[in-house]
Amino acid sequence: MMQVNKRSDMAKKVEIGSWRDLPPMNISMGTMLHNLTGSWRFIKPIYLDKVPACQNTCPCGNDIEAWIKLIQRKEIRDAYLYIKREEPFPAILGRVCFRFCEEACNRSGLDESIRIRELERFVGDMGISKGIYPQVPDYHGKSLGVIGSGPAGMSVAYFARLLGFRVTIFEALDVMGGILRVGIPAYRLPRSIVEAEFELLKNMGITLRPGTRVGQDISLEQCCREFDYVFVASGAHKSRRLGIEGEDASPYVMTGLELLKKVALGQTPTLGNHVTVVGGGNTAIDAARTAIRLGAQEVTVLYRRTETEMPAHPEEVEEAREEGVNFHFLAAPDKIELDEGGRIQRLICCEMELGPPDESGRRAPVKKPDSRFQMNTDTLITAVGEIPWFEPLQTFTKVKHGPLQTDHELFVTQPLPGKAKVYAGGDLIDIPHTVAHALASGKRAAIAMDCDRRGINFREVESKISIGDGVALSFSKYMDLPPLNPVRQDLHQVVNRDRIVYDYFEEASPVQLHIRPPAQRKMHFEPYVSTLTQEEAGQECERCIHCGRCTECDNCLIFCPDISILPSGEDSFGYRFDYDYCKGCGICFTECPRHAISMVDEDVDIEEA
Amino acid sequence: MRQVIKGNHAVSHGVRLSRVEVISAYPITPQTTIVEELSEMCASGALDAKFIKVESEHSALAALIGSASAGARSFTATSSQGLLLMHEVLHWVCGARLPIVLANVNRAVGPGWNIWAEQTDSVSQRDTGWIQIYCESNQEVLDSIIMAYKLAERLMLPVMVAYDAFFLSHTSEVVDIPEQGEVDAFLPPYEPPYKIDVDNPKMLGGMIGPDLYYEERYLIYRDFMKAMEVYKEICEDFQGIFGRTYGFVETYRIEGAELVLVTAGTLTSVARIAVDKARQAGIPLGLMKVRLFRPVPLNVWRQTLGNVPKVVVIDRNLVGGLGGVFASEIRSALYELDKRPVIYSAIAGLGGRDVTPRDIRGIADYVLSGQAQTDIPIFWGLKE
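So the protein lines, in turn, are chains Y and F.
Be aware that the first sequence starts at 1, since it is given in this note's numbering, and climbs by one per residue.
Be aware that the second sequence starts at 1, since it is given in this note's numbering, and climbs by one per residue.
Keep in mind the hints are simulated off the structure, nothing from the lab.
Fair warning: this is a prediction, and the values are worked out from it, not measured in the lab.
From the three backbone atoms N, C-alpha and C, an ideal C-beta is built for every residue, glycine too.
Treat the hints with care, as some may be off.
Claimed, not checked - One side of the interface only, derived from the structure: several residues of chain F facing chain Y at Cβ under 8 Å:
hint : residue
1    : Gly95
2    : Pro188
3    : Pro189
4    : Tyr194
5    : Pro201
6    : Met203
7    : Leu204
8    : Gly205
9    : Glu216
10   : Leu219
Input sequences plus hints: build the corresponding full structure.
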């Protein structure tokens with residue numbers, strides 16, 4: 001801390017000779033600085049940056065507030081590197097994230113959430129176009145083999161490389177990216193973005209091994225012998241079966257993943273005019289919208305529950321509807337009747353109704369008696385869920401399907417051959433199946449491996465680097481990188497709406513997105529939302545409340561009745577309290593628009609924390 | 001320049017000509033048009049002042065504590081309940097030695113709700129340490145505002161200029177509005193001995209222990225009493241520049257009077273007519289108008305009334321003390337004289353009720369007939 005001359009040192013006590021010398025007004029004769037009103041205080045204010053609601057809900061712990069501030073300062077390059085501290089692939093998540101942050105955004109208490117995802121995409125695209133990546137350290141000698149190049153594998157590779165590991169990624173397909181490349185349709189995530197991210201990973205010194213299927217081209221045992229650490233992230237690419245008659249006997253019945261993968265690899269399957277998709281998840285919606293783009297005239301999604309229970313993201317459902325996808329709720333296929341050529345003659349369905357809640361908490365669908373009806377369709381696409389799957393592990397485990405068991409550190413607890421310590425992440429383990437959660441699992445595993453390598457206790461580290469309610473870990477805290485605001489930070493205090501003084505903010509609509517109309521976008525697989533311009537991004541950032549983070553707005557300084565808040569000086573950030581005179585009235589705390597000030601007990605050491 | 005204006009606008013012009021820098025007020029009938037006019041002057045640029053809108057009279061005066069402490073010439077105006085709501089701050093302004101000028105339009109106090117002329121509001125604030133001046137005409141109102149600033153700033157004490165609701169506030173009269181140059185020659189810019197200075201932080205209005213509080217209050221009292229000589233000087237200065245002036249009191253046909261009427265405010269004009277008529281009829285009446293009420297011009301009152309056989313003080317106020325406030329003040333002022341008049345108190349005109357020359361004559365006749373008692377007020381005009 002900078003040593004500042006204390007104002008109290010300037011205080012001189014004035015002795016009055018005679019009352020006849022009293023001034024003609026009621027005014028102190030010396031300065032009042034000798035009167036240390038700070039001694040009246042019993043709690044004191046401190047500047048304490050906290051965790052904004054957006055960061056708290058982000059599975060990656062993305063420090064959104066900080067890089068929004070950098071965009072506002074027009075330091076886009078720094079903003080990009082700042083995002084990459086916690087979330088390595090902003091151009092990807094900036095397109096496909098389900099926006100947990102925006103749901104939590106405190107701005108929605110005033111008007112509408114900040115368009116965080118669009119801002120992230122803006123920064124991500126700039127970073128990719130300039131080929132920027134963080135400085136990497138020298139190798140320390142330990143190596144990591146990553147099985148699967150989806151988001152979890154990419155993430156663990158990125159963070160492990162930043163931690164000094166020598167990293168190799170194995171990918172069974174000839175193209176890198178897993179679900180990002182062959183699952184998510186190109187209209188949501190263009191190939192070029194995924195390829196560019198891998199280019200950056202390569203530039204960081206990570207070895208990419210496409211077309212290398214572990215268990216076939218190289219054995220799992222060999223992997224475990226060659227590497228000190230292994231991370232398995234082979235995803236959930238085995239589709240659940242409907243379990244009905246006719247399912248396996250026709251080329252016109254296929255899984256959603258199969259369709260998406262074929263299209264992603266450049267094939268154009270013939271689907272016919274009528275396409276029926278069974279399922280209510282994101283794969284079902286992706287498949288339906290892909291079918292529309294392949295020229296199907298009528299696409300119907302058949303879902304056995306109602307729209308409320310659909311696991312698909314509502315935004316995706318809405319956009320599918322705009323593009324002409326029909327939805328038929330409370331219905332399920334019962335039987336597929338095929339002709340001799342394997343064509344679908346009739347699809348026999350049942351009407352469903354919702355019974356009592358099942359173990360997932362959703363109401364379980366049950367068949368309505370005597371409710372069979374038939375549908376005509378040329379193609380049936382099944383998308384009723386994917387099963388985590390990694391075949392080579394089957395040799396060593398009794399569990400034949402379902403998520404792979406890991407402990408808190410994502411360490412695979414069952415005994416495996418070889419010296420390697422094996423971790424797992426992404427859709428293979430029991431976490432929500434989103435890209436953001438997959439990236440988060442990669443970060444967690446990388447930190448856990450590094451703790452293991454250094455022989456330190458992960459749990460202890462975790463308590464210091466977990467963010468807010470504990471959803472995410474802070475990689476920058478693990479690396480001891482300074483926060484953007486050079487003030488104390490409490491990673492465990494979350495700032496929600498009840499802490500924001502909305503009176504200080506004016507309503508402002510979010511920036512308008514440029515979205516192509518459905519009639520145009522369903523003609524091809526091109527993306528249909530434009531990246532924000534720098535001007536638009538800057539405008540959107542102005543809406544940010546900067547919850548829990550000081551913006552040097554001067555409100556505390558203006559309101560302090562004791563002139564006890566002093567600017568830190570031209571070259572330093574923020575303010576300092578003059579505790580000689582601060583009475584602890586708490587007005588600064590109450591009036592801070594964004595809760596960047598806390599009131600703490602007198603005995604809390606200010607230099608601490 | 002002579003113009004026909006209402007009493008309230010006479011105040012506004014007095015404020016403008018005094019180059020007031022901060023105005024803070026809360027509207028109340030019958031004061032409102034003072035500040036309406038001032039806000040328009042501020043808006044048009046005729047007056048270069050900061051106009052602060054507030055949510056109450058308490059805040060209006062409190063805001064001026066800030067502006068006056070910062071060295072700005074400050075003004076507010078109010079009436080009745082508004083003045084009473086300021087009560088706490090009135091004391092503070094005096095203790096803080098801030099030369100604020102306040103125009104009070106004398107209005108009855110509720111309930112019953114009444115917006116008409118009565119002086120209970122300001123006379124009940126006589127102990128707050130403010131200098132009080134009561135006016136009889138719109139010209140006197142305008143002139144008094146300008147004089148008040150000079151007086152206040154010389155003494156570092158606040159001045160209240162009081163005048164009757166509607167009879168003056170909303171009644172138009174010919175008023176000679178002085179030229180700015182004349183007023184500038186009379187009233188120098190406000191230069192306080194101390195003011196808020198960020199480079200030299202001081203505590204204002206701070207705590208004083210038992211060791212010095214008494215002396216501090218004594219100093220205020222001492223300077224308050226100095227008002228007498230300063231006021232006299234200022235009246236002479238005013239005469240020199242404007243060719244008219246005012247005194248501590250104004251007397252009318254007092255020579256040889258058997259009975260002298262004492263009034264304050266617009267009652268005086270009515271009483272003058274009554275005196276003339278009585279004199280025509282051979283009844284020796286005289287009149288003394290109270291103008292400076294705080295501090296009490298003791299010697300002036302004694303010299304004026306000491307040799308008169310009888311005095312009746314007509315009060316347009318009624319408080320729970322000894323009846324009319326002016327009457328009890330005059331009584332205690334004259335008490336120590338070896339030879340003093342018989343003093344009667346009359347109450348008239350409460351809540352804006354008209355007091356006519358006939359009423360004044362009635363009071364005089366009643367006193368002269370020997371029916372009146374000295375220990376209870378004469379409630380003149382009280383309905384049967």
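Outcome of the hint check:
{"no.": "1", "hint": "Gly95", "result": "holds, 6 Å"}
{"no.": "2", "hint": "Pro188", "result": "violated, 17 Å"}
{"no.": "3", "hint": "Pro189", "result": "violated, 18 Å"}
{"no.": "4", "hint": "Tyr194", "result": "holds, 5 Å"}
{"no.": "5", "hint": "Pro201", "result": "holds, 5 Å"}
{"no.": "6", "hint": "Met203", "result": "holds, 4 Å"}
{"no.": "7", "hint": "Leu204", "result": "holds, 5 Å"}
{"no.": "8", "hint": "Gly205", "result": "holds, 5 Å"}
{"no.": "9", "hint": "Glu216", "result": "holds, 6 Å"}
{"no.": "10", "hint": "Leu219", "result": "holds, 6 Å"}
This entry does not satisfy hints 2, 3, going by the numbered hints stated previously.
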